[in-house]
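Engineer: These protein sequences, in sequence, are chains A and B. Residues 1 to 268 in the UniProt record's numbering are what the first sequence spells out, letter by letter. Residues 1 to 240 in the UniProt record's numbering are what the second sequence spells out, letter by letter.
Possibly wrong hints are sitting among the right ones.
[Stated by the list, open to error] Calculated pairs, DSBU-like style, for lysine-lysine (alpha carbon to alpha carbon, straight line, at most 30 Å):
#, chain 1, residue 1, chain 2, residue 2
1, A, K239, A, K258
2, A, K133, B, K101
3, B, K118, A, K141
4, B, K238, A, K56
I should point out that these hints are in silico values taken from the structure, not numbers from a laboratory. A quick note: this is a predicted structure, and the numbers were derived from the prediction, not measured.
Given next are the chains, with one letter for each unit.
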Amino acid sequence: MDHDPFRWGRPNDATYGGYNTKIAHANPQAGNAAMPTMNTQQPIVTGTSVIAMKFKDGIVIAADNLGSYGALARFDDVERLFPVGENTVVGISGDISDLQYISRLLEDLEIDNNYDYDGHSLRAPHIHEYLQKVFYARRSKMDPLWNSTIVGGFDDEGKPFLKYVDLLGVKYSAPTLATGFGAYLASPILRKVIFEEKDVEKVDEETARNAIKECMKVLYYRDARSLDKYSMITITKEKGVVFEKNLRSENQSWRFAKDIKGYGTQKV
Amino acid sequence: MTTVSSGYQSETTSTPIEHRFNPYSDSGGTILGIAGEDFAVLAGDTRHTVGYSINSRYEPKVFSAGDNILISANGFSADGDSLIARFKNQLKWYHFNNNKKLTIRSAARFIQHLLYGKRFFPYYVHTIIAGLDEEGKGAVYSFDPVGSYEREQCRAGGAAASLIMPFLDNQVNFKNQYEPDSNGTVKRELKYLKLDEVIELVRDAFSSATERHIHVGDGLEILIVTKDGVRTEYFDLKKD
């Protein structure tokens, strides 16, 4: 007996011959065992780290403008920070085509929400929850959106909000956050400024912005898929969303480079 | 989504499945539930990790679901969050439909169905719920990822479960403990522990697990359920 329930009650190939997939343009891959059905299984054009931190009146987030094609620096003007609603920002790293799809989802979400004048505006926790549900649903279909994202803004009580979500639907919040390489290079620096939630009160806007700028510089030093051109968004109650584009990592010092030995052609 | 294979066919000519994307990861952390005579506790550390990275030092994973039910699902946190969200949501519907409290016994059976419903794409979590049974006695139920469950006096789950569980066997169920002078012939009699004894036990278990396991640490959150409701206690753990 044939134990495959999917074949029960179907015309037998031995009697009728195989199904002609050319009829009515049926899925051409169905009869072709060599070609698997494919979803996104790896990122193609990618954006590197997004880094962010809270301070006493809000949050600051930054991401560089590079779109890498493997090791090739392919696009140098990719915007990876997206303001959504009145005072929320989403920073996205990972696959750029999925990033563009997500930015469209967020746009639609905002438009849909603006149809009803109910005085309610989308805030960071709502946008984060929405994104988490999208990511988790896609990973559960084994067709992930290949990104790690950070959502920043204010929560329902008006306190600074910062939360991460990635391609698996994994989410967590912390006073400082970094995706990708930034988790190794930027997080230790940012955690020196803010170690735990209660330290947020002690840090002002300028200190936070300087810490983020310093981290962007360190990332450019050591992350080979990064750029010294980046965008930064600062959100406060007072000034709202302040979007700064085309920032440069200033005061670079490459003196340390001559001391790195063992990778090049030089004799140690 | 098109179905690729039922998995029952005898030939191997089926469409190959790409094996690169892994839908699971390990979020670390550990949890622990202990039942007393008229109370139950469910505790968890607050560290969230992936690999060698600490993602957050305070990401709570033990929740009060309402109706004096504590719940935690430790392992792959996205699955854990999803499971708990579904449980809370269905609890709300249970109230609308039945207008009464959900017993811990029914909650346990329901969670078995939530877990087994995904038997062939499991929630990668060790689930523990705690509360009071119909007689007011402390109850702890623990589940495997696909829904097998059991009521127990105590259970540890997650990354450091194998470190904590033998300690609990000895200190809660008095395993391998004998009356002095009986020369190992008379077992020490079982008795319920008091709440403050249990909290000390939990704190010791977690500070020891923190010493020996890299995925455990930062903070300890203990949720305590009694007939008067749920309360939370927080203690720092080592952050290294």
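Engineer: Which numbered hints are broken by the structure, listed smallest first?
Structural biologist: Those not satisfied come down to hint 1.
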